[in-house]
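**Q** Chains as they are written, first to last, in the numbering used here: chain G, 248 to 433; chain W, 39 to 159.
Among the hints, a few may not be true.
[Claimed, not checked] In silico DSS-like cross-links for lysine-lysine, where the CA-CA straight-line distance does not exceed 27 Å:
id, chain 1, residue 1, chain 2, residue 2
1, G, Lys-313, G, Lys-300
2, G, Lys-415, G, Lys-393
3, G, Lys-331, G, Lys-393
4, G, Lys-407, G, Lys-393
5, G, Lys-415, W, Lys-49
6, G, Lys-313, G, Lys-393
7, G, Lys-300, W, Lys-49
8, G, Lys-418, W, Lys-49
9, G, Lys-300, G, Lys-331
10, W, Lys-61, G, Lys-393
11, G, Lys-418, W, Lys-61
12, W, Lys-49, G, Lys-313
13, W, Lys-49, W, Lys-61
14, G, Lys-407, W, Lys-49
15, G, Lys-418, G, Lys-407
16, G, Lys-393, G, Lys-300
17, G, Lys-393, G, Lys-418
18, G, Lys-393, W, Lys-49
19, G, Lys-313, W, Lys-61
20, G, Lys-331, W, Lys-61
21, G, Lys-418, G, Lys-313
22, G, Lys-331, G, Lys-407
These aren't lab readings, by the way, just hints derived from the structure by calculation. Quantities reported herein were computed from a predicted structural model and do not represent experimental measurements.
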Amino acid sequence: MNENQRVQQVLSGNTSAFAYFVETYQDMAITIAYRICGNMQDAEDVVQESYVKAYRNLHTFRSESKFSTWLYRIVYNTAVTHSKTRIWMGMNETEIEHATDLTDQGADARLAERERREVVTDVLERMPKGDALLLTLYYMEDHPVKEIASITGLNEPNVKVKLFRARKMFKELMTGTYSMEEIGYR
Amino acid sequence: MKEKRTETEDKQFRELMQSAGKKAPDNLQHRIMHQIEAEHALTRKKVPSAKKSVSLLRDLGNIFGAMYILLAAIVGGSYLLLGEEFLKSPHFWGTVILVSVIFSSLWMITRIDCYVREKKK
Numbered sequence: 248m249n250e251n252q253r254v255q256q257v258l259s260g261n262t263s264a265f266a267y268f269v270e271t272y273q274d275m276a277i278t279i280a281y282r283i284c285g286n287m288q289d290a291e292d293v294v295q296e297s298y299v300k301a302y303r304n305l306h307t308f309r310s311e312s313k314f315s316t317w318l319y320r321i322v323y324n325t326a327v328t329h330s331k332t333r334i335w336m337g338m339n340e341t342e343i344e345h346a347t348d349l350t351d352q353g354a355d356a357r358l359a360e361r362e363r364r365e366v367v368t369d370v371l372e373r374m375p376k377g378d379a380l381l382l383t384l385y386y387m388e389d390h391p392v393k394e395i396a397s398i399t400g401l402n403e404p405n406v407k408v409k410l411f412r413a414r415k416m417f418k419e420l421m422t423g424t425y426s427m428e429e430i431g432y433r
Numbered sequence: 039m040k041e042k043r044t045e046t047e048d049k050q051f052r053e054l055m056q057s058a059g060k061k062a063p064d065n066l067q068h069r070i071m072h073q074i075e076a077e078h079a080l081t082r083k084k085v086p087s088a089k090k091s092v093s094l095l096r097d098l099g100n101i102f103g104a105m106y107i108l109l110a111a112i113v114g115g116s117y118l119l120l121g122e123e124f125l126k127s128p129h130f131w132g133t134v135i136l137v138s139v140i141f142s143s144l145w146m147i148t149r150i151d152c153y154v155r156e157k158k159k
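Same shape as in the complex, but just chain G (with noise of 0.2 Å):
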């Protein structure tokens, strides 16, 4: 059964079809609400409003686009009212928060008391939440940069442009805290 036939069985009343999409995309949408809302049990709270809403407005739903393209999209918009930050920032900003978390960094820290999993999370942590968030996408789930930008609502150069910056920003901040041949990237 694919996944215009399972909408159809929700809309026709049957709301058990519903946790298929629970469960194949909270991880996913879990981990948008992180990156945008810094901390678990608001990403928690922010997931299951957007489930609610997705549900509430799944008649507006066009096959047209993958349903998980539909439902981050109401992921990414729930988790930036919820958090009222600004996730994108400005070039000059960037740069500043990149500047002071290189100098932040402690130069003794190793890989070796560290699971690589932890370094990641800490890196994307330190970045902005814009970028850290298209870094998650692309490489995440493999999202096109198409399917990014109707996420995010902004345009495909915008994500082109972000994503380079944010490449490059990752490997510095990773560079300039652990050695890169310990977690195998070289």
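Dock chain W against chain G, hints included.
**A** Positioned in the frame of chain G, the structure of chain W alone reads:
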């Protein structure tokens, strides 16, 4: 050469990012489905729009049905008692218009009453 390097870099990025994905807590799905089912149950109770249109038609049928019965009785009675000529007189037509206005007003009052009651709800 450059393309190959970008590809390898992308692969490494992918591995790193996938290791940093968050996992939803076990009870989250239950929480979401519970809320959705509660909403579904509430909206199902709120559906009497079909009922509403049925009652609207019933009111319409009752009021205008009675009006036409009364008009038929007036026409029949006038024809039998006062003859065909009376049916052409302004007196007769005045009566017909009066009856129509009274019943239409009754219909209008019923609709306003329904609207006010719904608004109060």
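**Q** If you draw a straight line from the CA of Lys-331/G to the CA of Lys-61/W, is it 27 Å or shorter?
**A** Satisfied, since the Cα-Cα distance of roughly 24 Å is no more than 27 Å.
**Q** Is the hinted pair Lys-418/G and Lys-407/G satisfied, with a Cα-Cα distance of at most 27 Å?
**A** holds, 17 Å
**Q** Tell me if the straight-line CA distance from Lys-393/G to Lys-418/G falls inside 27 Å.
**A** holds, 24 Å
**Q** Quickly compare the C-alpha distance for Lys-300/G and Lys-49/W to 27 Å and report which way the hint goes.
**A** violated, 35 Å
**Q** Does Lys-418/G pair with Lys-313/G here, judged by a C-alpha cut-off of 27 Å?
**A** Violated. Lys-418/G to Lys-313/G sits at ~31 Å, over the 27 Å cutoff.
**Q** Compare the distance between the alpha carbons of Lys-313/G and Lys-61/W with 27 Å, and conclude whether the hinted pair is satisfied.
**A** Between Lys-313/G and Lys-61/W the Cα gap is close to 22 Å, so the pair holds against 27 Å.
**Q** With a cut-off of 27 Å on the C-alpha distance, tell me whether Lys-49/W and Lys-313/G pass.
**A** holds, 24 Å
**Q** Is the Cα-Cα distance between Lys-415/G and Lys-49/W 27 Å or less?
**A** OK: Lys-415/G and Lys-49/W at ~15 Å, within 27 Å.
**Q** Hey, Lys-331/G versus Lys-393/G, does the alpha-carbon distance stay inside 27 Å?
**A** Holds, because 26 Å separates the two Cα atoms, which is no more than 27 Å.
**Q** Need the status of pair Lys-415/G, Lys-393/G: alpha-carbon distance at most 27 Å?
**A** holds, 21 Å
**Q** Does Lys-300/G sit within 27 Å of Lys-393/G, going by the straight-line distance between their CA atoms?
**A** holds, 23 Å
**Q** Starting from Lys-418/G, check that the Cα of Lys-49/W is at most 27 Å away, please.
**A** The hint holds at about 14 Å.
Violated hints, in rising order: 7, 21; the structure is consistent with all others.
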